[in-house]
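Undergrad: All chains should be modelled from the sequences, with the hints used to inform the complete structure.
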Amino acid sequence: MAASPQNNIRNFSIVAHIDHGKSTLADRLIQLTGGLQAREMTEQVLDSMDIEKERGITIKAQTVRLTYPAQDGKTYILNLMDTPGHVDFAYEVSRSLAACEGSLLVVDASQGVEAQTLANVYQALDNNHDIVPVLNKIDLPAAEPDRVKEQIEEVIGLDASDAVPVSAKTGIGIDLVLEAIVNRLPPPKGDREAPLKAMLVDSWYDVYLGVVVLVRIVDGVLKKGQRIRLMGTNASYDVDKVGVFTPKMTDVESLGPGEIGFLTGSIKEVADTRVGDTITEEKRQTADMLPGFKPAQPVVFCGLFPVDAADFEDLRSAMGKLRLNDASFTFEMETSAALGFGFRCGFLGLLHLEIIQERLEREFNLDLIATAPSVIYKIQMTNGDEIELHNPADMPDVVKIEEISEPWIRATILTPDEYLGAVLKLCQDRRGLQIDLNYVGKRAMVVYDLPLNEVVFDFYDRLKSISKGYASFDYAITDYRVGDLVKMSILVNAEPVDALSMLVHRTRAEARGRAMCEKLKELIPPHLFVIPVQAALGGKIIARETIRALRKDVTAKCYGGDASRKRKLLDKQKAGKKKLRQFGRVEIPQEAFIAALKMDE
996 MAASPQNNIR
1006 NFSIVAHIDH
1016 GKSTLADRLI
1026 QLTGGLQARE
1036 MTEQVLDSMD
1046 IEKERGITIK
1056 AQTVRLTYPA
1066 QDGKTYILNL
1076 MDTPGHVDFA
1086 YEVSRSLAAC
1096 EGSLLVVDAS
1106 QGVEAQTLAN
1116 VYQALDNNHD
1126 IVPVLNKIDL
1136 PAAEPDRVKE
1146 QIEEVIGLDA
1156 SDAVPVSAKT
1166 GIGIDLVLEA
1176 IVNRLPPPKG
1186 DREAPLKAML
1196 VDSWYDVYLG
1206 VVVLVRIVDG
1216 VLKKGQRIRL
1226 MGTNASYDVD
1236 KVGVFTPKMT
1246 DVESLGPGEI
1256 GFLTGSIKEV
1266 ADTRVGDTIT
1276 EEKRQTADML
1286 PGFKPAQPVV
1296 FCGLFPVDAA
1306 DFEDLRSAMG
1316 KLRLNDASFT
1326 FEMETSAALG
1336 FGFRCGFLGL
1346 LHLEIIQERL
1356 EREFNLDLIA
1366 TAPSVIYKIQ
1376 MTNGDEIELH
1386 NPADMPDVVK
1396 IEEISEPWIR
1406 ATILTPDEYL
1416 GAVLKLCQDR
1426 RGLQIDLNYV
1436 GKRAMVVYDL
1446 PLNEVVFDFY
1456 DRLKSISKGY
1466 ASFDYAITDY
1476 RVGDLVKMSI
1486 LVNAEPVDAL
1496 SMLVHRTRAE
1506 ARGRAMCEKL
1516 KELIPPHLFV
1526 IPVQAALGGK
1536 IIARETIRAL
1546 RKDVTAKCYG
1556 GDASRKRKLL
1566 DKQKAGKKKL
1576 RQFGRVEIPQ
1586 EAFIAALKMD
1596 E
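For the sequence shown, counting from 1, position 370 maps to 1365 in the numbering used here; every step adds exactly one.
Derived by calculation from the structure, the hints in this document are not laboratory data.
One or more of the hints may lead you astray.
Claimed, not checked - Label-pair distances were calculated between CB atoms; the ranges are:
# : residue 1 : residue 2 : range
1 : I1382     : R1357     : 23 to 29 angstroms
2 : D1186     : N1378     : 50 to 56 angstroms
3 : D1557     : P1491     : 45 to 51 angstroms
C-beta: ideal position from N, C-alpha, C; glycine also.
TA: Dropping the structure here:
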């Protein structure tokens, strides 16, 4: 494959809200340009993981290089990046956008602009992209292309008069999209003679090749056999193999400015290849590094424990393997009196947590328990130190704490008018502060500041259920704010259960504690003695439920005779139970933990 002239290269990504048809459009583009033969085509070619196919979402950004003979007689090289639409994977989107010069904005012609559409378009505009609007699903009876064009102009401020109408499913208008890419998006800039300067866009682990690194060449040429240096980690490697994805891995001699491809060089750990790093030649180094990306910051933490303690080592190795392919997932060991050995893991959001958990269970056959998700709190101590708290069980003594801050987010919610009241109530109940409310066509756009702590639990599920699935939600973390937060412990038979302790806002503590105690009362089976279940803030009990004792009928053998005989037997039983209660252990079944952690308000 000869290197093509730079003016004939187009790098573009596809951005859209979830389910607006990005991956299907990518399929059609691959099919039309002959990237794969008909027998190799599958649905959603670029969604390679089973979970992606089943859930119908894109998790990893994927790239593919297409060759397109345009109507003007020239042959163009199109580098397409299919990006995730989900808010948890926004960092995947930002990386992909940085490697491209333009974007296709796909909007569903029946649903119009959604919250995520906005977020992703603004990211593309921040990267100075030229944007081509594409109206998908025009074959649906509910499609209203003219209304959606107006909406794009109103909400985003993009000129949508020449938006390309397509149906990715049936293939209508795909050739128009290809012509628009060639004619309306700019070619990449870059100097072929300058020292090599390339951006590390992504990296993943391959069992045979070691780490495969996806790169976008900015200046210079990347060739096989070159010795390269990663400027961020200061590591050097020899390039074994250079190639492109068509979507199959295809080797090429070299990659020039503006091209996107991959390299391998016997790199052992994905952690060594930091995303956003600058790659240069060992001998002729480039003077300045590329700005790179902010590292993906985990925002949600939860403990993962094996149901069977014997699986701990398997869990450790499984996490190590997943970490090879997902550098945004962090974990460290922790122990819990109730659940044994496990890991405290950091995720980018709840969907990320769910997917990692599902991959661990499915790809490595593990049975796992996840503790309640929590966020990172910042604690200002009285002696001036600031510490980060990931696990409520590790909270220092209240006397030493000056103040606790929690992360807040700015959430944008788009909802049909009839559900607006319920959505506003949900946000108020979660301690939200309303920032803005206006209308986009028939739908209301609500902007709220919310504490992340209130959102990670089940906010998204509640939002979907009160709006019958029509509301869309997008958020970005803004800052930390001081809050009146307290640690609520759950005591069972006067013993604290560390896996169930949580940080809550003082105003919500009592309701949360009461709900938790009522739930545990149903879940813990009765023992031979009375068990109190209590919720406490420090030394103060705020809620209590009592699990009644199992009673054995000790007076059954008394038939007749004096009442004092029965009394004597009952007193003996009572004393035995009192003694039992002092020494007896309460066995809390694993199901009780799982159900208590899934507590709905």
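Undergrad: Checking each numbered hint in turn, tell me which of them this model violates, lowest number first.
TA: 1
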